[in-house]
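Participant: From first to last, the protein sequence lines stand for chains A and B.
All residue numbers for the first sequence refer to the numbering used here, where the first residue is 1 and numbers rise by one.
All residue numbers for the second sequence refer to the numbering used here, where the first residue is 1001 and numbers rise by one.
Hints are computed from structural coordinates only; laboratory data are not their basis.
Cβ coordinates follow ideal geometry from the N, Cα and C atoms, glycine included.
With the Cβ distance kept under 8 Å, some of the chain A side facing chain B (calculated, not the full set): (1) 71; (2) 89; (3) 90; (4) 102; (5) 147.
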Amino acid sequence: MIELDNVAYSYGGAELFSGLNLALAPGSFHFLTGPSGAGKTTLLKLCYGALIATGGQVRLFGQDARTLDRDAVALCRRKIGVVHQDCQFLDHLTVAENISLPLTVSGRVAHASDVTDLLGWVGLTQQAQQLPPELSGGERQRAALARAVIMSPEVILADEPTGNVDWEMSQRLLALLVELNKMGKTVLIATHDLSLIRTAKSQVSARVLRLKDRKLQLAGADL
Amino acid sequence: MSDVPRRIMDFIAGDPQADRAVPPTGFTARLTFLSAAAMAFLAVFALALSLATGRLADRWSAELAKTSTLRISAPSGQMAAQTTAALAVLETTPGVAEARALDADEQRALLAPWFGPDLPVETLPVPQLIEIVEDADGYDAAGLRARLQAEVPGAVLDDHGRWREPLVEAASRLRLLGFVSMVLIAGATAAMITLAANAALAANAQVIRVMRLVGAQDIYIAGAFVRRFTIRSLLGAAAGTLLGTLAVLLLPRADAAGGFLTGLGFQGWHWMWPLVIPVLAATVAFFATRQAALRTLKEQT
Chain A
1 MIELDNVAYS YGGAELFSGL NLALAPGSFH FLTGPSGAGK TTLLKLCYGA LIATGGQVRL
61 FGQDARTLDR DAVALCRRKI GVVHQDCQFL DHLTVAENIS LPLTVSGRVA HASDVTDLLG
121 WVGLTQQAQQ LPPELSGGER QRAALARAVI MSPEVILADE PTGNVDWEMS QRLLALLVEL
181 NKMGKTVLIA THDLSLIRTA KSQVSARVLR LKDRKLQLAG ADL
Chain B
1001 MSDVPRRIMD FIAGDPQADR AVPPTGFTAR LTFLSAAAMA FLAVFALALS LATGRLADRW
1061 SAELAKTSTL RISAPSGQMA AQTTAALAVL ETTPGVAEAR ALDADEQRAL LAPWFGPDLP
1121 VETLPVPQLI EIVEDADGYD AAGLRARLQA EVPGAVLDDH GRWREPLVEA ASRLRLLGFV
1181 SMVLIAGATA AMITLAANAA LAANAQVIRV MRLVGAQDIY IAGAFVRRFT IRSLLGAAAG
1241 TLLGTLAVLL LPRADAAGGF LTGLGFQGWH WMWPLVIPVL AATVAFFATR QAALRTLKEQ
1301 T
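Produce the entire structure from the sequences given, and follow the hints as far as they go.
Facilitator: The structure is reproduced here in structure tokens:
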């Protein structure tokens, strides 16, 4: 699905990481952890084609990411739902319009019932007609998650999805991501929140990867 | 090719959801509208100038090509005899359809713009003018000059070519300048719309990021900007064209300008020409915005 073979990434002459191998198998659940600045966000961006590796090979759904033009990357992204820590909404559109945006840009009809169902699933039915700046941090994260899954993507990539929310909300978001995984979606969550990982491991079989010292390692039992 | 009309109609109808994805951008909207309006206003005048000078060139060329003037300068005692002799020569010259001496009133009318209407032409040493109208074949100017030199020594033949050609050339140059002005106006419009589109794209960098994040292709993102700028340009140019056409309509009529100018307005079906300007402005805006958007999207990769 998404594979990284011996991948390196350098920025401004400095190597962020190298020799990195990762395969996101269908239906798998991964956590990506590591200290701030280790390159977690960069690694996620490589996984959805926002960046091109400076070494090695990234394959998105079997295609070498380096050979994909911008339009091909856009088509790949329709199969990858991305949740950012800062959510990235269009602030002049309502929550419902933001959630249906992936359908709009792909030329598909956004059925009101689909959007309503998703809003109900993430608990934002009442906020459907509000603008993103009117939402709380947790509501924004749930709206971002709803937007990420509206296209029924095969992979969900979440970058610090619980970074700006309280513990209760982080558990609620985790529950939603675990539910998606149980529906067969591949999930990769980049987080430095170890308590979130510990909670998740009691609910789902998750691999925990640690990005440290420019290498990706399987985390041990110290978590 | 049969797909083109449908695509144009789809483009005009637009996708309301796609249009909503890009927030309204105040100053670029006004800039585009006003630029298109101002340029269309100027384009109407450039078009009017070009068409009027074209008519002028054609008229001068047609009206003067088949006429010439014989000027007789002689002492007052010999004037009548030399005029009669000249007319006799002209009557027997092949290619001359008609020749007649201008009377005092006609000569006075010719001089009126410079000396006023009450000039006593009869008491002044004014040359006698003979108007010559050629037939379709024309006459041999060199042969006629030779005959006149022998038989009417005070006669000077002016076939109008000396001043007709520079006038026609000047009118033709003005027509060319009008077309060049149109091209420059189109280029300036494209440049201004490109600047406005670039400003809008820069102001909407976050919108572009989000649209890319959710899987929008470049052509979709560009389309949201292109349609907006094209429609603004079309509306702005339509407003400018309307004002420009009204201004041309209110120009003084040709006869009021002394009969020399043919009038800078449009004539006949030429009034339809300004309708082309908004369409042209929209086409320029479409390609300028599309080019700017796709280039910016490529640079933002």
